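Undergrad: Letter by letter, the chains look like this.
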Amino acid sequence: KQEVTQIPAALSVPEGENLVLNCSFTDSAIYNLQWFRQDPGKGLTSLLLIQSSQREQTSGRLNASLDKSSGRSTLYIAASQPGDSATYLCAAPSGNTGKLIFGQGTTLQVKP
Amino acid sequence: NAGVTQTPKFQVLKTGQSMTLQCAQDMNHEYMSWYRQDPGMGLRLIHYSVGAGITDQGEVPNGYNVSRSTTEDFPLRLLSAAPSQTSVYFCASSFSGTATYNEQFFGPGTRLTVL
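The listed protein sequences correspond, in order, to chains A and B. The working numbering numbers the first residue of the first sequence as 1 and each following residue consecutively. The working numbering numbers the first residue of the second sequence as 1 and each following residue consecutively.
Since the hints were made in silico from the structure, they are not lab data. Keep in mind that a hint or two might mislead.
No farther apart than 30 Å at their CA atoms in a straight line, the calculated lysine-lysine pairs in the DSSO-like style are these [to be verified]:
1) LYS42(A) to LYS99(A)
2) LYS9(B) to LYS99(A)
3) LYS9(B) to LYS42(A)
Computed, partial: chain A to chain B, Cβ under 8 Å [unchecked claim]:
4) GLN34
5) LEU44
6) PRO93
In this text the structure is predicted, and so the values were computed from the model without any measurement. Glycine is no exception: its CB is placed at the ideal position from the N, C-alpha and C atoms.
Based on the provided sequences and hints, a complete structural model is requested.
TA: Here it is, written out as structure tokens:
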């Protein structure tokens, strides 16, 4: 059974810093992993979907990596800005289905 | 495209009342699902559908009903609301019910309080 963990639960960094958010999963037979952003009181916005055949996926200042053998995915945010402050969630499908298993999220605060 | 839409945005119910949370998508997606988000519990799957006329239970289905008569709509019904159903409800959709190359899109959520 797939389980997804995100540590730390909260992170505070000064503006301009490069940072890495971590996501761990237990089933290495993973089909893909999706990263979301959630602003307070809002829905989930899809940031990146990285397939099992890919090692990295990039969108602007965001770069997601996937290492199936170690059961880890990372979301790298370059040159962080106060507008990046939000909760970041990772999710993996349960087997080859659309059912997503979510981590608890990392709440990021970028201080000006 | 409007993407995934949900109504209402907020709702307050009394214990025992029933209501329907609406969800619609205009992307011609086959797969739709409902999650609830609670502090400390994260997001948990309630029900899902792999196509019109086909629904199945997720992790926490008790107290909820769904039906899928069209590709576009996937309403969630609370039969007899209980305080334990106070939560934020999210609807999601994706192209198919398999994982491969299957990005999921979420609606803005419905914030439900049961008194």
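Undergrad: Please go over all the hints and tell whether each is borne out by the structure.
TA: Hints, one by one, checked against the model:
Restraint check for LYS42(A) and LYS99(A): satisfied, since their Cα atoms lie roughly 21 Å apart, inside the 30 Å limit. Distance hint between LYS9(B) and LYS99(A) is fulfilled; the C-alpha atoms sit about 24 Å from each other, no more than 30 Å. Annotation: proposed proximity of LYS9(B) to LYS42(A) holds, straight-line Cα distance about 10 Å (limit 30 Å). Interface hint at GLN34(A): satisfied, since its Cβ lies 6 Å from the closest Cβ of chain B, which is below the 8 Å cut-off.
Annotation: interface hint on LEU44(A) holds; nearest CB of chain B at approximately 4 Å, less than 8 Å. Taken as an interface hint, PRO93(A) checks out: its beta carbon lies about 4 Å from the nearest beta carbon of chain B, inside 8 Å.
Checked against the numbered hints above, the structure violates none of them.
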